[in-house]
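Undergrad: Here are the chains, one letter per residue:
2 protein chains.
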Amino acid sequence: MENWFTELHTKDTGISIKVAKPIYTKFSKYQRIDIFQNKTLGRILTLDGLIQLTESDEFIYHEMLVHPSLVVHPTCEEVLVVGGGDGGTAREALKHNQCRIDLVEIDEAVIKACIKFFPTLSLSLSDERVKLFTEDGTKFTKKKKSKYDVIIVDSTDPIGFAKELFRAQFYKSCYSALKENGILVAQSESPILHRGIMKGMYKNLSAIFPTVQFYLVPIPTYPSGLWSFVFCSKKYQPLEFAREVNFTTKYYNLEIHKASFALPNFVKDIFNSD
Amino acid sequence: MENWFTELHTKDTGISIKVAKPIYTKFSKYQRIDIFQNKTLGRILTLDGLIQLTESDEFIYHEMLVHPSLVVHPTCEEVLVVGGGDGGTAREALKHNQCRIDLVEIDEAVIKACIKFFPTLSLSLSDERVKLFTEDGTKFTKKKKSKYDVIIVDSTDPIGFAKELFRAQFYKSCYSALKENGILVAQSESPILHRGIMKGMYKNLSAIFPTVQFYLVPIPTYPSGLWSFVFCSKKYQPLEFAREVNFTTKYYNLEIHKASFALPNFVKDIFNSD
Chain X
0 MENWFTELHT KDTGISIKVA KPIYTKFSKY QRIDIFQNKT LGRILTLDGL IQLTESDEFI
60 YHEMLVHPSL VVHPTCEEVL VVGGGDGGTA REALKHNQCR IDLVEIDEAV IKACIKFFPT
120 LSLSLSDERV KLFTEDGTKF TKKKKSKYDV IIVDSTDPIG FAKELFRAQF YKSCYSALKE
180 NGILVAQSES PILHRGIMKG MYKNLSAIFP TVQFYLVPIP TYPSGLWSFV FCSKKYQPLE
240 FAREVNFTTK YYNLEIHKAS FALPNFVKDI FNSD
Chain E
0 MENWFTELHT KDTGISIKVA KPIYTKFSKY QRIDIFQNKT LGRILTLDGL IQLTESDEFI
60 YHEMLVHPSL VVHPTCEEVL VVGGGDGGTA REALKHNQCR IDLVEIDEAV IKACIKFFPT
120 LSLSLSDERV KLFTEDGTKF TKKKKSKYDV IIVDSTDPIG FAKELFRAQF YKSCYSALKE
180 NGILVAQSES PILHRGIMKG MYKNLSAIFP TVQFYLVPIP TYPSGLWSFV FCSKKYQPLE
240 FAREVNFTTK YYNLEIHKAS FALPNFVKDI FNSD
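Protein chains in written order, with numbering that gives the first Met the number 0: chain X, 0 to 273; chain E, 0 to 273.
It is possible that part of the hints are untrue.
Said to hold, decoys possible - Covered stretches of chain E, going by a simulated chain X footprint (3 or more residues, C-beta under 8 angstroms):
id	stretch
1	29 to 41
2	146 to 158
3	252 to 258
As the list claims (entries may be wrong) - Over 12 angstroms on every C-beta distance to chain E, these chain X residues come out as not near it, computed from the model:
id	residue
4	P21
5	K25
6	V129
7	D135
8	F139
9	D156
10	E179
11	L225
Everything labelled a hint here was simulated from the structure, so no lab data went into it. Bear in mind the structure is a predicted one, so any value in this text is a computation, not a measurement. The beta carbon of each residue, even a glycine, is placed where N, CA and C say it ideally should be.
When you get a sec, could you build the whole thing from the sequences and use the hints?
TA: In structure tokens:
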């Protein structure tokens, strides 16, 4: 009998992926963690039944979550990653040689599973420039003042405990935890399926940061295949110091950096409507 | 019992869509035509079990297949659409007031089904500026010399009879059917799943047209969610005369026009590899 995994993106649409081999299942304190193998997509991590990453396309998500802000910030040294227990975000941030990273993941079980089953992502977590904290990212951020150049929010969807990472209170903590020229970047869901969430983020973030700009990235295994990120800054504009990077990337390049901030009319409408 | 439609994009991955209501099924001379209703996506047209369009996201495909070339060509009047029996491509082309359209669709049954069930697309087919031909697009094109300003290939995948629309011979006919400053644009499949097809198109088209540039567009209900189009020109560069349009669009705008031609490294690799 064939074993298929289906993730519903709405009540009546979804993605179907054949499970070539189940690899790992654990009920942690926070969520259900599953890892399975698919021939086309490689290993896949799901949390509470929702795809977090596949080996085939995680490079798009992680490169585009990380490089735009680290390329724009001219002197970034101190980075905070909130979430990102798989290590993919830290892996990309470490390509910027001068960066040191505090990574705060609430669920230690995610880190442990990824160290075992996603070594190409999680190897970064053993780098001496990375400090791991397994605690609540909102509480951690609240305690920090003017410490970070860049904060990267690599969160799950705003369901359950991750809801806190989409609230104005958390964004205020991030603002305070950033230096006077700091940048906050966060994954901000699908512009097709989660327009209300993006609108809410825009409203909350615009009340705090002088610059708030969304950018778009195609991620095949995420709901609708089109994902958004938000770039929030105290000082720098997203194209201000954009430059070619001196390391290898599979998705990111300077033209893509600029292009990603161009928004189709139906996405602009999210922010212009009442 | 629930009725779900699943389109496999590879042997072990696919999209699943609940059939709220089957609307139409016909076996034409060329293919199986199905139309069904889904709450989230609206009406959906499939040919031989492959999604051609959904009411929810057809605007992205049709706007981006049509406007880039019609915006760049400074004096476009004569347009040939090969395929496109649903009428969506003609609808967008007609927004450029001065354009007259020859539309050659091989399968009359597709036209008839779409006239009945997709009026927001097929209304264009009754416009007096559109001439309909129900015949083989390759043969039609072969007979024309220096007639068109822009040729738009709105084809199905290169399977069965549509294979001809991906061959060097057809591209040569298009070249001859275009005026001396003509532009050919074609849908060119997924840069993630159909890299071999894109590479073949690039090779064939580059041997004929001095300018061949691919551009990318996210289309949620197409395989991998990321689609490509190719812009081939005798004279004009794709950004040369790009300008804002004087009609309403939901996806297309001038920034998007420019941004779509930026390619991620893994897409550039398709054309650079041996």
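Undergrad: All hints, please: hold or fail.
TA: Structure-based check of all given hints:
| no. | hint | verdict |
| --- | --- | --- |
| 1 | 29 to 41 | holds (count 4) |
| 2 | 146 to 158 | violated (count 0) |
| 3 | 252 to 258 | holds (count 5) |
| 4 | P21 | holds (14 angstroms) |
| 5 | K25 | holds (24 angstroms) |
| 6 | V129 | holds (25 angstroms) |
| 7 | D135 | holds (33 angstroms) |
| 8 | F139 | holds (33 angstroms) |
| 9 | D156 | holds (17 angstroms) |
| 10 | E179 | holds (30 angstroms) |
| 11 | L225 | violated (4 angstroms) |
Consistency note: the structure conflicts with the earlier hints numbered 2 and 11.
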